[in-house]
Amino acid sequence: MAKINMLQAINDALTIAMEADDKTVLFGEDVGHFGGVFRATSGLQEKFGRDRCFNTPLTEQGIAGFANGLASNGMTAIAEIQFADYIFPAIDQIVNESAKFRYRSGNEFNVGGIIYRTPYGGGIAGGHYHSQSPEAYFTQTAGLKVVVPRNAYQAKGLLLASIRDKNPVVFFEPKRLYRASVGEVPEGDYEIELGKAEVVKEGTDITLLAWGAQMEIIENAAQMAAKKGISCEIIDLRTLAPWDVDTVAASVKKTGRLLINHEAPLTGGFAGEIAATIQEECFLHLESPISRVCGLDTPYPLVHEKEYMPDALKTFEAIKASMKY
Amino acid sequence: MSNATSTTETVHRVSFLDKDSLSIPILKILQADGTTFEKAVLPVIDQALAERIYDTCVFTRVLDERMLGAQRQGRISFYMTCTGEEASIVGSVAALDNEDVILAQYREHAAIRYRGFSTEQFMNQMFSNEKDLGKGRQMPIHYGSQALHYQTISSPLATQIPQATGVGYSLKMQGKRNVAICYFGEGAASEGDFHAGLNMAAVLKSPTIFFCRNNGYAISTPTSEQFAGNGIASRGIGYGMHTIRVDGNDMLAVLAATQQARAYALEHNAPVLIEAMTYRLGAHSSSDDPSGYRSKEEEAKWQQHDPVKRFKLWMMNKGWLSESDDQGLYEKYRQEVLAAVKVAEKLPVTHVDEIINDVYDTPTPRLKQQLATLKQHIKKYPDSYPHSAGRV
Ligand SMILES: Cc1ncc(C[n+]2csc(CCOP(=O)(O)OP(=O)(O)O)c2C)c(N)n1
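Protein chains in written order, with our numbering: chain A, 623 to 947; chain B, 247 to 638.
No lab work stands behind these hints: they were computed from the structure. Some hints here could point you the wrong way.
What the hints assert, rightly or not - Stretch by stretch, here's where chain B covers chain A in the computed footprint (C-beta under 8 Å, at least three residues):
#, region
1, 648-654
2, 901-912
Said to hold, decoys possible - Here are some chain A residues the structure puts well away from chain B; computed CB gaps all over 12 Å:
#, residue
3, E641
4, G657
5, G687
6, Q704
7, A764
8, K818
Beta carbons: idealized from backbone N, C-alpha and C, even for Gly.
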């Protein structure tokens with residue numbers, strides 16, 4: 623097994639998927655010869671030709687609509703949205719069209735072959751428009767799957783599973799880990815099942831739940847807590863829609879406490895949905911209120927990025943508060 | 247008429263039109279050696295205007311060079327230059343009234359400079375310090391100033407285009423003798439917002455100048471992969487708009503076109519589209535390396551069309567500028583920019599209380615509570631929040 627970073631793992635997954643199925647095409651802004659602004663698609667145009675890996679004009683609305691058309695007619699469309707902050711011009715095509723193609727046509731047509739890949743999240747001094755975590759806008763949309771990997775190994779396996787899934791998937795890539803996260807990744811083809819959370823570390827006192835780049839944050843917080851004698855169970859949700867209620871509920875029944883961490887603002891964030899569901903499933907097992915450590919209810923600020931972020935220290939404080947409750 | 251098109255000719259045999267049916271001339275006034283074309287009709291320009299234009303160009307060159315350097319030294323996080331496109335930006339803003347409203351894309355800092363944005367104000371924004379008008383919320387280069395009628399830059403591309411249509415319409419409604427001007431790249435012109443904005447402007451008769459800097463690339467994507475038609479100008483015509491294509495490296499051509507566009511927009515309460523053919527000499531931004539997608543020869547070829555040099559030669563031919571004036575100007579701005587960097591980087595960043603201001607007109611109770619909790623936390627761990635720990 624080779625040690626590679628997340629971008630290389632993504633590139634690897636895309637290569638495998640395109641080799642395996644010549645009806646798979648990949649497109650987006652700057653993804654062609656240049657290989658994308660983050661270089662996730664480097665070398666793919668050379669390998670698969672300009673018909674299968676190409677630059678589009680600069681229009682996310684167009685990219686998503688085009689993907690809908692391709693996929694509705696039997697192709698697999700891998701569309702890159704250059705930054706998750708710029709997915710909003712495409713939201714009508716994704717939320718009203720991709721998500722509902724199958725349902726509204728009585729399954730006469732579907733666009734299951736679509737995957738929207740997009741880098742999300744902060745921590746890169748990107749300010750407002752290069753830092754947002756818009757996953758909750760999509761988790762409310764029936765018909766879409768929403769997936770967020772936390773490291774190179776996950777990225778490759780989840781991406782391959784997403785590409786082959788029979789439903790449109792929005793795949794958020796944690797850009798601050800693109801190069802920072804390096805790990806062992808098998809060379810061949812493998813998939814990680816969608817809709818399944820992973821218990822990353824077992825513990826007894828409190829369950830910590832996150833996804834994507836925030837996994838690193840809760841792992842650090844768990845180490846701080848361990849020094850105070852608190853044993854944290856750590857879960858990576860991996861797929862947000864549909865999410866793995868059973869794994870999370872089983873863990874909370876064991877530990878009696880739950881903390882959810884995400885970078886998006888608190889209000890209307892996906893943590894609220896998880897908290898409500900787990901409260902229903904585990905009410906009699908809970909020893910403290912479910913705790914949320916999230917972004918502030920403000921747009922993402924440049925200069926106060928550190929203050930805005932739901933970092934390890936804030937998480938650590940919330941763990942202690944939960945234990946003391 | 248229910249289907250108002252201007253076609254009058256009828257034919258009785260299938261005959262398609264294509265992009266070559268539309269021949270769009272390009273306005274050129276200034277030659278490479280600084281003389282004007284023989285039959286050229288010059289814009290309205292006197293020595294004072296020429297000097298203000300040139301001064302803005304030199305400042306911008308110096309700023310771009312120094313701040314790119316500052317970015318490489320890690321003093322600021324990001325930078326974007328407008329090198330090679332100065333004539334498009336300065337030539338157009340110089341044709342406007344100071345109260346015409348500017349909605350820019352991000353590469354038009356020369357325009358806000360022309361209006362009077364000070365060197366300190368540039369630095370305050372780039373260093374996100376407590377004097378930044380934008381309160382440290384956006385990345386470097388996202389300038390804006392109400393006093394200078396320059397709306398604050400937003401990164402999502404093309405969003406300013408339909409907004410400009412609305413601004414232009416509002417100026418008309420308010421009875422002002424002013425127009426809106428909207429800058430954008432040929433890449434941004436692919437966005438849905440571009441089409442919506444132009445169509446609305448033409449139909450609703452909004453006095454707005456749509457100014458496209460067609461600089462050859464959108465990050466790595468060349469125009470050949472951006473559009474197949476006859477540039478952006480053909481779209482103005484398609485939307486029923488008064489349209490002109492100019493040499494974007496020719497200060498006088500841009501100035502002339504924009505002066506007349508403005509007069510037309512005011513007289514007819516109608517939009518105008520200007521397509522300036524230019525070239526992005528620098529990288530897309532400080533995060534980009536153009537060697538991955540274009541050749542050194544291509545860049546060298548365009549170096550020879552340097553718009554600032556061409557205008558300088560014209561000024562010198564007129565006897566309005568000497569080589570030593572020119573060197574003095576560069577030297578003055580080099581020192582001024584350096585001194586301003588030193589001051590701006592020492593000022594503290596925007597106060598942490600600003601994190602919740604301006605989300606709404608007044609912070610909601612929930613936001614106030616979040617700020618209070620945040621400040622308690624910072625007090626507990628001052629070392630982890632060095633920007634704000636000293637002032638909570
Ligand atoms: C909606 C949206 N999509 C993508 C981006 C990322 N992006 C920033 S600049 C740029 C290229 C813009 O090219 P162009 O409009 O031609 O202007 P230029 O940079 O050449 O001046 C892209 C794709 C963005 N800012 N907004």
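Against the structure, the hints come out as follows:
Using a Cβ-Cβ cut-off of 8 Å, 3 residues of the region 648-654 of chain A lie near chain B, which meets the minimum of three, so the contact claim holds. Given a C-beta distance limit of less than 8 Å, the hint that chain B covers the region 901-912 of chain A is violated, as 0 residues qualify and 3 are needed. With a least beta-carbon separation of about 24 Å from chain B, E641/A lies farther than 12 Å from that chain, consistent with its non-interface assignment. Chain B draws G657/A into its interface by the beta-carbon criterion, the shortest separation being 8 Å against a cut-off of 12 Å.
Against chain B, the non-interface label of G687/A is violated: not every CB pair exceeds 12 Å, the least being about 10 Å. Annotated as non-interface, Q704/A brings its C-beta within 12 Å of a C-beta of chain B; the closest such distance is 8 Å. For A764/A, the condition that its CB be more than 12 Å from all CB atoms of chain B holds, with the nearest at approximately 25 Å. With a closest Cβ-Cβ approach of about 33 Å to chain B, K818/A is found to remain outside the 12 Å limit, as its non-interface label requires.
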